[in-house]
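Number of protein chains: 2
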Amino acid sequence: MAKPSIPKGTRDFSPIEMAKRNYIFNTIREVFHLFGFEQIETPSMENLSTLMGKYGDEGDKLLFKILDSGDYLGDLDVKTLLRETIKKAQEEGLIVEQNAKSYDIKVPIEDFDIKLKSTIKKLIDSGVGREKGLRYDLTVPFARYVVMHRDELSFPFKRYQIQPVWRADRPQKGRYREFYQCDADVVGSNSLLNEVELMQLVDAVFNRLGIRVSIKINNRKILSGIAEIIGEADKIVDITVAIDKLDKIGLENVNVELASKGISDEAIAKLQPIILLSGTNTEKLQTLKTVLASSEVGMKGVEESEYILTHLSLLNIQSEMELDLTLARGLNYYTGAIFEVKALDVPMGSITGGGRYDNLTGVFGMAGVSGVGISFGADRIFDVLNQLELYPKEAVNGTQLLFVNFGENEAAYCLPLLTKAREANIRAELYPDAAKMKKQMGYANDKQIPFVAIAGENEIKESKVMLKNMESGDQQLMDIAQLIATVAQ
Amino acid sequence: MAKPSIPKGTRDFSPIEMAKRNYIFNTIREVFHLFGFEQIETPSMENLSTLMGKYGDEGDKLLFKILDSGDYLGDLDVKTLLRETIKKAQEEGLIVEQNAKSYDIKVPIEDFDIKLKSTIKKLIDSGVGREKGLRYDLTVPFARYVVMHRDELSFPFKRYQIQPVWRADRPQKGRYREFYQCDADVVGSNSLLNEVELMQLVDAVFNRLGIRVSIKINNRKILSGIAEIIGEADKIVDITVAIDKLDKIGLENVNVELASKGISDEAIAKLQPIILLSGTNTEKLQTLKTVLASSEVGMKGVEESEYILTHLSLLNIQSEMELDLTLARGLNYYTGAIFEVKALDVPMGSITGGGRYDNLTGVFGMAGVSGVGISFGADRIFDVLNQLELYPKEAVNGTQLLFVNFGENEAAYCLPLLTKAREANIRAELYPDAAKMKKQMGYANDKQIPFVAIAGENEIKESKVMLKNMESGDQQLMDIAQLIATVAQ
Numbered sequence: 129m130a131k132p133s134i135p136k137g138t139r140d141f142s143p144i145e146m147a148k149r150n151y152i153f154n155t156i157r158e159v160f161h162l163f164g165f166e167q168i169e170t171p172s173m174e175n176l177s178t179l180m181g182k183y184g185d186e187g188d189k190l191l192f193k194i195l196d197s198g199d200y201l202g203d204l205d206v207k208t209l210l211r212e213t214i215k216k217a218q219e220e221g222l223i224v225e226q227n228a229k230s231y232d233i234k235v236p237i238e239d240f241d242i243k244l245k246s247t248i249k250k251l252i253d254s255g256v257g258r259e260k261g262l263r264y265d266l267t268v269p270f271a272r273y274v275v276m277h278r279d280e281l282s283f284p285f286k287r288y289q290i291q292p293v294w295r296a297d298r299p300q301k302g303r304y305r306e307f308y309q310c311d312a313d314v315v316g317s318n319s320l321l322n323e324v325e326l327m328q329l330v331d332a333v334f335n336r337l338g339i340r341v342s343i344k345i346n347n348r349k350i351l352s353g354i355a356e357i358i359g360e361a362d363k364i365v366d367i368t369v370a371i372d373k374l375d376k377i378g379l380e381n382v383n384v385e386l387a388s389k390g391i392s393d394e395a396i397a398k399l400q401p402i403i404l405l406s407g408t409n410t411e412k413l414q415t416l417k418t419v420l421a422s423s424e425v426g427m428k429g430v431e432e433s434e435y436i437l438t439h440l441s442l443l444n445i446q447s448e449m450e451l452d453l454t455l456a457r458g459l460n461y462y463t464g465a466i467f468e469v470k471a472l473d474v475p476m477g478s479i480t481g482g483g484r485y486d487n488l489t490g491v492f493g494m495a496g497v498s499g500v501g502i503s504f505g506a507d508r509i510f511d512v513l514n515q516l517e518l519y520p521k522e523a524v525n526g527t528q529l530l531f532v533n534f535g536e537n538e539a540a541y542c543l544p545l546l547t548k549a550r551e552a553n554i555r556a557e558l559y560p561d562a563a564k565m566k567k568q569m570g571y572a573n574d575k576q577i578p579f580v581a582i583a584g585e586n587e588i589k590e591s592k593v594m595l596k597n598m599e600s601g602d603q604q605l606m607d608i609a610q611l612i613a614t615v616a617q
Numbered sequence: 129m130a131k132p133s134i135p136k137g138t139r140d141f142s143p144i145e146m147a148k149r150n151y152i153f154n155t156i157r158e159v160f161h162l163f164g165f166e167q168i169e170t171p172s173m174e175n176l177s178t179l180m181g182k183y184g185d186e187g188d189k190l191l192f193k194i195l196d197s198g199d200y201l202g203d204l205d206v207k208t209l210l211r212e213t214i215k216k217a218q219e220e221g222l223i224v225e226q227n228a229k230s231y232d233i234k235v236p237i238e239d240f241d242i243k244l245k246s247t248i249k250k251l252i253d254s255g256v257g258r259e260k261g262l263r264y265d266l267t268v269p270f271a272r273y274v275v276m277h278r279d280e281l282s283f284p285f286k287r288y289q290i291q292p293v294w295r296a297d298r299p300q301k302g303r304y305r306e307f308y309q310c311d312a313d314v315v316g317s318n319s320l321l322n323e324v325e326l327m328q329l330v331d332a333v334f335n336r337l338g339i340r341v342s343i344k345i346n347n348r349k350i351l352s353g354i355a356e357i358i359g360e361a362d363k364i365v366d367i368t369v370a371i372d373k374l375d376k377i378g379l380e381n382v383n384v385e386l387a388s389k390g391i392s393d394e395a396i397a398k399l400q401p402i403i404l405l406s407g408t409n410t411e412k413l414q415t416l417k418t419v420l421a422s423s424e425v426g427m428k429g430v431e432e433s434e435y436i437l438t439h440l441s442l443l444n445i446q447s448e449m450e451l452d453l454t455l456a457r458g459l460n461y462y463t464g465a466i467f468e469v470k471a472l473d474v475p476m477g478s479i480t481g482g483g484r485y486d487n488l489t490g491v492f493g494m495a496g497v498s499g500v501g502i503s504f505g506a507d508r509i510f511d512v513l514n515q516l517e518l519y520p521k522e523a524v525n526g527t528q529l530l531f532v533n534f535g536e537n538e539a540a541y542c543l544p545l546l547t548k549a550r551e552a553n554i555r556a557e558l559y560p561d562a563a564k565m566k567k568q569m570g571y572a573n574d575k576q577i578p579f580v581a582i583a584g585e586n587e588i589k590e591s592k593v594m595l596k597n598m599e600s601g602d603q604q605l606m607d608i609a610q611l612i613a614t615v616a617q
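Sequence lines, in order, name chains A and B. With the numbering used here applied, the first sequence covers 129 to 617. With the numbering used here applied, the second sequence covers 129 to 617.
In short, the hints are calculated from the structure, not lab data. Values in this document were obtained by computation on a predicted structure and should not be read as measured data. Heads up, some of the hints might be wrong.
[What the hints assert, rightly or not] In silico lysine-lysine, PhoX-like type, Cα no more than 20 angstroms apart, as pairs:
#1 A:K398 / A:K412
#2 A:K148 / A:K182
#3 A:K182 / B:K131
#4 A:K389 / A:K376
#5 A:K131 / B:K182
#6 B:K412 / B:K389
[Said to hold, decoys possible] Beyond 12 angstroms from chain A on every Cβ pair, some chain B residues (computed):
#7 P143
#8 K260
#9 S342
#10 E432
#11 R457
#12 M476
#13 S591
#14 I608
#15 T614
Ideal Cβ positions, reconstructed from N, Cα and C, are used throughout, including at glycine.
Please take these sequences and the hints and turn them into a complete structure.
This is the structure we're talking about:
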């Protein structure tokens with residue numbers, strides 16, 4: 129029998145991994161609740177009509193499609209399939225004769241092969257045999273949710289969602305076909321206080337996790353303003369990429385790169401103060417106010433960023449806040465503020481990101497719903513905590529106490545004590561079999577159980593147990609009350 | 129634009145539903161931890177080779193299959209497809225001539241249609257184009273997990289798993305295509321103490337949830353013993369079904385029904401004490417010891433049941449324990465104890481069930497792993513708690529405090545207070561827009577927020593806020609410390 133395996137790009141999570149992941153999700157979840165966000169869940173499967181066309185052509189290809197159950201070929205129009213194949217064959221000069229009741233097909237085998245295959249593929253791509261796909265992200269299902277439940281919701285609607293998503297991407301290190309997303313969004317409010325609060329929330333989450341971070345913010349409107357004043361609206365990404373290289377390649381080479389992208393000398397000249405933008409956030413905003421003075425949208429972006437940064441500076445947050453014009457994530461999507469969070473003590477990509485978007489639900493026929501959201505990258509946060517060894521001991525909430533099993537009578541003596549320990553909220557087990565002591569102690573070691581309770585003939589006579597501290601090796605005879613007090617410490 | 133919808137048999141969960149579900153899962157999870165169970169998660173998708181053939185023919189049909197991404201027809205052997213079609217056509221007397229490089233096919237259109245369709249279906253069924261399926265239950269993936277990770281695991285392995293499963297079943301009331309399972313199993317130990325502990329665990333869960341239950345237990349070996357003594361091994365299900373009707377239709381009719389199922393008069397005579405089995409569990413066991421005296425396997429089942437019931441009677445559990453011979457769930461699967469839990473105060477099917485099975489992992493090439501497990505029916509428990517209105521107020525952990533927003537200055541005054549409230553672990557929000565008072569109060573009502581903090585010009589002057597208790601309508605001017613103390617109560 130072949131050794132069983134799991135599909136490429138998917139993972140099993142062991143107890144220790146689960147404990148760590150739960151620690152991350154519970155921490156984030158608690159902060160979400162403190163900030164008034166409520167949880168929803170949506171189905172893993174959505175209708176393909178909900179998903180298709182929402183992620184671009186590339187995204188459509190990365191959707192996992194689900195075959196309908198039962199007679200999923202019931203709707204497959206084989207006559208069309210055959211007719212199409214024959215038509216194509218005829219177009220290409222292959223010999224096909226059609227009588228009243230039959231086709232006479234004379235087709236080179238190889239060629240028929242190709243035609244038939246491409247026609248079947250076309251039909252299946254068009255949706256024959258499957259109408260459902262697995263969730264690709266949490267945003268489109270959320271938009272669908274808001275539209276479907278609009279009459280039950282009270283706006284602004286602050287929801288969070290922690291669920292897996294699936295992408296038929298080529299698996300590689302750090303890229304999975306199934307992974308969790310962890311999103312919070314406020315929809316139905318244009319207030320910038322939402323942006324302020326989300327940054328506070330990010331700060332609170334990473335404080336609790338003990339990860340020092342830098343929160344970078346930018347604004348789509350500032351980028352639009354820059355494009356406007358230099359007259360190169362379509363070059364925004366080229367510009368941010370080039371600016372990002374300043375430290376590495378120097379001003380001269382940045383300008384060379386900009387020119388190589390077809391940006392005019394005049395535009396490059398106008399860009400100089402932006403490329404060299406530095407100093408505190410206040411200083412940067414001051415420079416931008418001068419440079420973008422003639423751009424209404426640009427000035428709006430500066431004003432929004434100033435509002436957010438000023439409010440945050442009064443709120444005593446721990447994280448570094450940095451206005452960073454090279455931040456250009458989700459440009460096709462975000463319409464206002466853009467955020468990204470980087471860990472300061474581990475070299476790693478963004479561990480959290482988000483921004484303001486307009487018209488979340490327009491694609492489902494509900495106009496005018498603006499929103500702002502944030503998405504925590506659980507897998508990367510997991511890695512950061514691992515690398516910095518920041519998991520608190522309590523995060524790994526395994527068994528605290530093991531009762532050794534010496535046989536029927538001893539086990540019967542232990543069972544009520546075990547119950548009492550659990551009633552005192554101690555996570556406790558009795559080894560189920562009267563196995564050798566070595567095996568039972570090995571089990572305690574493997575599960576990293578800190579205390580082992582031993583009750584043989586002598587202990588039973590005294591109505592006590594011997595409690596062994598597995599770390600220090602100390603043993604002490606005690607009654608159940610003392611045991612509970614010791615283990616619970 | 130069409131109104132968006134979700135696939136049949138799937139559900140969105142609203143914030144209130146999520147809060148209730150989380151309450152159930154968290155309660156169960158806490159008890160799992162108290163009993164030393166550790167969580168794992170497995171991928172939503174498994175290889176079809178892992179899933180197929182594990183649930184019977186019917187189960188195979190109910191698997192949701194996932195199309196491979198990208199060029200999923202790359203492996204579709206169209207030549208085989210064509211050849212098969214032609215072969216079938218020839219078998220049925222249709223005219224096909226094959227030359228060196230081409231087929232001459234003369235096929236009635238209708239017929240070709242049918243042949244081609246059935247051949248394509250056969251090929252797709254055989255796995256062309258998709259090698260993965262969605263998890264159908266948590267047991268087979270768990271068995272696969274144990275085999276794949278055997279070298280990392282310490283046995284007995286006590287794992288729990290709370291994840292959705294998918295079945296391409298016809299959706300109907302109470303039957304979903306996506307639903308959560310919540311399983312705990314101990315594998316690698318034959319000790320009956322595991323059964324005892326699982327019953328204690330079930331009792332602890334339902335005590336915490338406040339649901340009064342009856343735990344019914346049976347044993348596959350008792351049923352085998354009954355079959356053995358009456359010489360009708362294949363009639364076990366007929367017998368349990370008939371016995372179950374005693375209260376409704378009376379002894380005479382039960383005997384008539386048994387006879388109609390082809391059970392001999394002699395066998396029916398031997399069954400009388402079993403049909404009429406009544407009294408306490410001890411009395412029932414006593415009767416069974418007499419009736420099954422000549423059956424080794426039957427006596428083993430009685431002994432096991434006695435062990436479990438005796439130990440539980442010493443452990444002071446709250447739930448009713450009942451030996452119930454009509455309990456015949458999972459007969460093809462369970463080899464020892466069988467459990468089922470019914471709510472006493474709501475008419476509803478079993479809300480939890482489980483049993484002892486042998487050879488969990490044999491199908492994946494790892495023999496000799498016995499286990500015992502329990503599965504909580506989350507959807508039904510949800511309904512029971514709803515019907516009995518047993519959700520504690522704290523279960524719905526929504527926002528506790530809303531700051532009203534009167535405009536920029538007032539909001540700026542509230543922000544640091546909001547932060548302080550959250551630092552004191554109060555779930556709090558500031559309404560993000562300076563909307564009309566009525567709208568903001570409506571929001572507080574909709575979200576069932578119990579306290580609203582109001583800070584206008586006067587309150588700000590005094591460095592205080594007006595706190596309104598939304599239930600009583602009382603208002604009181606106070607500082608932030610008082611506010612925190614009041615809301616946190």
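Numbers of unmet hints, in rising order:
2, 6, 7 and 8
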